[in-house]
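Student: Using the sequences plus the hints, can you model the full thing?
For the record, the sequence lines run as chains A and B. Numbered per the working numbering, the first sequence spans residues 1489 to 2082. Numbered per the working numbering, the second sequence spans residues -16 to 72.
These aren't lab readings, by the way, just hints derived from the structure by calculation. Incorrect hints may appear among the rest.
Which residues of chain B face chain A? A partial, calculated answer using Cβ under 7 Å [said to hold, decoys possible]:
#1 C(-3)
#2 L10
#3 T29
#4 A33
In silico DMTMM-like pairs for lysine to aspartate or glutamate, Cα to Cα no more than 25 Å straight-line [said to hold, decoys possible]:
#5 A:K1753 x A:D1794
#6 A:K1621 x B:E66
#7 B:K56 x A:E1718
#8 A:K2023 x B:D24
#9 A:K1626 x B:E12
#10 A:K1593 x B:D28
#11 A:K1696 x B:D24
#12 A:K2001 x A:E1818
#13 A:K1507 x A:E1520
#14 A:K1780 x A:D1736
#15 A:K1621 x B:D24
#16 B:K61 x A:E2073
Some but not every residue of chain A turned toward chain B, in silico, with C-beta under 8 Å [what the hints assert, rightly or not]:
#17 A1584
#18 R1622
#19 L1625
#20 R1627
#21 H1720
#22 G2008
#23 N2010
#24 I2031
#25 R2032
#26 S2074
Heads up, the beta-carbon is just placed ideally off N, CA and C, and yes, glycines get one too.
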Amino acid sequence: MSQDKKEKRIGIFICHCGKNIAGGVDIKALLEISKKLEEVVFVTDNKFSCSEEGQIAIQDAIKDNDLNRIIVVACDPSLHLLTFQHCGKKMGIDPAFVDLIDIRKWTMFGSPNKVDEKQALINSQKLIEQAAKRMRLKRIVPKVSVEVNQSVLVIGGGVAGLEASLDLADKGYKVHLIERLPTIGGKMALLYKVFPTNDCAPCILAPKTAYANIHPNINLLTNSEVANVEGHIGNFSVVVNQKPRYVDEKKCTGCGLCIEKCPTKVIDDEYSRGIGERKAIYIPYNQAIPRKAVIDSQNCLYFQKDACRLCEKVCPAQAIDFKQEPKAIELKVGAIIVATGFDEYNPDQKVEYGYRRYGNVITQFQLARLLDIDGPTKGRLLRPTDKKEPRSIAMIQCVGSRDENANGYCSSVCCMYALKHAQIIKEMVLPDAQVYISYIDMRTAGKGFEEYYRRTREIGINFIHGRPSEVIENNETKNLILKVEDSDIGELIKLEADLVVLSCATVPSQGTKQLAGLLGINLDANGFFKEIHPKLRPVETNIRGIYICGSAQGPKDIPDSIIQAKAAASCADSELRKGEIQLPESITKANKTN
Amino acid sequence: MAEVYVEEFMSPGCVGCPAVKEMLKSLSEELSGEITVEEVDITVDTSRAAQYGVMSVPAIAINGDLKFMGVPKKEELKKALQEELGKDE
Chain A
1489 MSQDKKEKRI GIFICHCGKN IAGGVDIKAL LEISKKLEEV VFVTDNKFSC
1539 SEEGQIAIQD AIKDNDLNRI IVVACDPSLH LLTFQHCGKK MGIDPAFVDL
1589 IDIRKWTMFG SPNKVDEKQA LINSQKLIEQ AAKRMRLKRI VPKVSVEVNQ
1639 SVLVIGGGVA GLEASLDLAD KGYKVHLIER LPTIGGKMAL LYKVFPTNDC
1689 APCILAPKTA YANIHPNINL LTNSEVANVE GHIGNFSVVV NQKPRYVDEK
1739 KCTGCGLCIE KCPTKVIDDE YSRGIGERKA IYIPYNQAIP RKAVIDSQNC
1789 LYFQKDACRL CEKVCPAQAI DFKQEPKAIE LKVGAIIVAT GFDEYNPDQK
1839 VEYGYRRYGN VITQFQLARL LDIDGPTKGR LLRPTDKKEP RSIAMIQCVG
1889 SRDENANGYC SSVCCMYALK HAQIIKEMVL PDAQVYISYI DMRTAGKGFE
1939 EYYRRTREIG INFIHGRPSE VIENNETKNL ILKVEDSDIG ELIKLEADLV
1989 VLSCATVPSQ GTKQLAGLLG INLDANGFFK EIHPKLRPVE TNIRGIYICG
2039 SAQGPKDIPD SIIQAKAAAS CADSELRKGE IQLPESITKA NKTN
Chain B
-16 MAEVYVEEFM SPGCVGCPAV KEMLKSLSEE LSGEITVEEV DITVDTSRAA
34 QYGVMSVPAI AINGDLKFMG VPKKEELKKA LQEELGKDE
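Tutor: Here's what the structure looks like:
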């Protein structure tokens, strides 16, 4: 506290950042403005404040002018605040009395917030005046020592959440892995095969799901969602709501007898997006982990009409428990990793492609389920209207992606999964079928991806360089007619296909917005969780101790999701391993009024 | 004259933020002393919110100290401002 009471001697350092700042604002004018501010006793400029030379200059200035508070006028604090806090600390200045303010966003060529030189001066002047006043009145907030709970909450049991959980559990931390659905594995488990190796997706995922299920450090909570979060890094209190399964997990052996006898068939929206059916009591798919039945109370005859109870009668393990209630589980964790994945864009909104209006228009996710030998058709590709094998299949790329009327971003994986499905159809399922891919650009940047694309062309897949304006159904045959201008040959192509497959965008998974609200973390313009810095801190959020990974952060493929999951686990580990951290008292004691 | 610097963390669409803004405006007029209020939009200035560990809006920091998360009672806010201004009115 002693620094609070001393005479305040503020130093302001204005960085040129080469020409990034100096090229967009009048530095001399800013120096003159800064000199006139109350309790500012020293003002200078540096070419690169963050360089070693720049930092030495700041330290010398602190020493020569007996400065006790400094403001660096340069770039985003998420980049360099720590740099300057360390620099100040070496000279005995408390980190609270070091501020970094960002004027580069207005001056740098290419910045989305770039303004003209006159406006940059007005904005920068205001920011410097504010910062100087804030610094003048600021006092040190006492720090308290907080014990870091040696456990982590991972939200989402897809491939990213699993990877992060396993990494942390192997390091010795207790991991609570929660999943909204009755089984872990996420979307990857339903993809049949994965590019660019055409590996069987469940086969390479199963070791992870199985290990997560038996790992002594992982507490797996399926059918569960986050209901409330309070606290701060090291000490988050989380309430998780677990929906009843109506089946005792400890007793159920996964034999499937109940499913066989259940009389109620339901369209399976969750695991096949309406392509297949399941019963009211079901195990999502063969390799589901945990392999335990679950009752869908919305469709179960007992819950709806107080009848049936056949499952209860036939279960040899007496595992059916209609009396199960929702549970609120309280968890104390030191860090939180969000890995809630993505959903497939609903193409209903693109009326021109006739999804749901025309029976033979499906999505790539549905196609993956149809091709899956463990899927609803046991791997036979049959078109929905007449259950016949299609002779021609047209895929339309960028449905809901790179489209100003839907989502402006590129979903990054659609080109590759379309190529994958084209390969599977041509090589394994229907070698005589004609497959067409109608695209704007093929984007295949990834290890082994370009080779995969070339191979797809070589096996006889037809590529049309253009996006169809609409799809029309032939009323009699239920075939689909596409008109598309191929810009490579400059001709309008009229194509009749038995089946149309839409390569839909990846969008944030349901509940993303609500979860962001509960966690206090930000969303980006597209609704995905926002990282604190897109290049240098891609898995950290605006809340210390909460990390994001996988498709929850933005569209990405499996290897990138794994990389991010490992990064998020590493960030959590860095904080947890300290055992105890110093936090400003304000974070731990602020009055919470709602 | 006694001075205080208030950072009001807010975001567009935040339900409680206008109430806090109004409260701060009326207290600035009511209390003697110079009260400077800076509105910090956490969707624009994410790093400031991160520095304070702000998890939800509205939140209020007074002279660098995060005092309130959520909408405070006007009396509580008044008391906190008075303490910083070093006055008992």
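Student: Identify every previously stated hint that the structure contradicts and give their numbers, smallest first.
Tutor: 1, 2 and 11
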